Amino acid sequence: GENVEQHPSTLSVQEGDSAVIKCTYSDSASNYFPWYKQELGKRPQLIIDIRSNVGEKKDQRIAVTLNKTAKHFSLHITETQPEDSAVYFCAAGPAGYQKVTFGIGTKLQVIP
Amino acid sequence: NAGVTQTPKFRVLKTGQSMTLLCAQDMNHEYMYWYRQDPGMGLRLIHYSVGEGTTAKGEVPDGYNVSRLKKQNFLLGLESAAPSQTSVYFCASRGGGVASSYNEQFFGPGTRLTVL
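These protein sequence lines are chains A and B, in that order.
The opening residue of the first sequence carries number 19 in the working numbering; numbering runs sequentially from there.
The opening residue of the second sequence carries number -12 in the working numbering; numbering runs sequentially from there.
Do not take every clue at face value.
Claimed, not checked - Calculated cross-link-like contacts (lysine to any residue; reagent style SDA-like; alpha-carbon spacing at most 20 Å):
{"#": "1", "chain 1": "A", "residue 1": "Lys60", "chain 2": "B", "residue 2": "Ala(-11)"}
{"#": "2", "chain 1": "A", "residue 1": "Lys86", "chain 2": "A", "residue 2": "Tyr50"}
{"#": "3", "chain 1": "A", "residue 1": "Lys125", "chain 2": "B", "residue 2": "Gly27"}
{"#": "4", "chain 1": "B", "residue 1": "Lys(-4)", "chain 2": "B", "residue 2": "Glu91"}
{"#": "5", "chain 1": "A", "residue 1": "Lys125", "chain 2": "B", "residue 2": "Pro26"}
{"#": "6", "chain 1": "A", "residue 1": "Lys117", "chain 2": "B", "residue 2": "Ala(-11)"}
{"#": "7", "chain 1": "A", "residue 1": "Lys40", "chain 2": "A", "residue 2": "Lys75"}
{"#": "8", "chain 1": "A", "residue 1": "Lys60", "chain 2": "B", "residue 2": "Glu66"}
{"#": "9", "chain 1": "A", "residue 1": "Lys76", "chain 2": "B", "residue 2": "Pro96"}
{"#": "10", "chain 1": "A", "residue 1": "Lys60", "chain 2": "B", "residue 2": "Pro96"}
{"#": "11", "chain 1": "A", "residue 1": "Lys55", "chain 2": "B", "residue 2": "Phe93"}
Derived by calculation from the structure, the hints in this document are not laboratory data.
From a predicted model like this one, the values you see are computed outputs, not experimental measurements.
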């Protein structure tokens, strides 16, 4: 089955700096890579996703890059703000998937 | 629309007791999932369903059973609770098909379960 590794497990950045979270996956059949954000005490929510026919996708301050050859993908957050503080999960699975596999999560702290 | 709801929000059980967690969605979604979230271990899939009347095992199915008798409901049962099942349980649902709009999983608010 799919194995998703995510790092770092914790990340602290100064407000305004950039944050990068990296994930690797094992199953070459995976071609759908979502990222979820979970604020403290809340439910996970999708913030961005990418399919393997696209190398990069942006949405305002967040972007995701994918290197299918190396089987890794990353989340980039620019100009971080205190409200970006949360746990971020990456995941991988085949498009039209029955299930995805999640990474262990990265706790991001943005220091004002 | 309420989206995905879970009942109860909190529960404390003694070892050996049984209980059922209820997940309901009003989005007419085909797929439903049960996850457990433990510190440092992310979201681990317990069981899932690809449609009414179907269920399948995920990564950590032992000690749990599920049923999907109605499309909108997905029940998670613990027959004989153990302290190792202390966790936060999340239900999620998503539409079927390969179109982009069907890929997002919508999560419920979670159930915090403590087994003493």
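Hint by hint, here is what the structure shows:
no., hint, result
1, Lys60/A <-> Ala(-11)/B, "16 Å, holds"
2, Lys86/A <-> Tyr50/A, "11 Å, holds"
3, Lys125/A <-> Gly27/B, "10 Å, holds"
4, Lys(-4)/B <-> Glu91/B, "23 Å, violated"
5, Lys125/A <-> Pro26/B, "11 Å, holds"
6, Lys117/A <-> Ala(-11)/B, "23 Å, violated"
7, Lys40/A <-> Lys75/A, "15 Å, holds"
8, Lys60/A <-> Glu66/B, "27 Å, violated"
9, Lys76/A <-> Pro96/B, "28 Å, violated"
10, Lys60/A <-> Pro96/B, "7 Å, holds"
11, Lys55/A <-> Phe93/B, "12 Å, holds"
Of the numbered hints given earlier, the model fails hints 4, 6, 8 and 9; all others are met.
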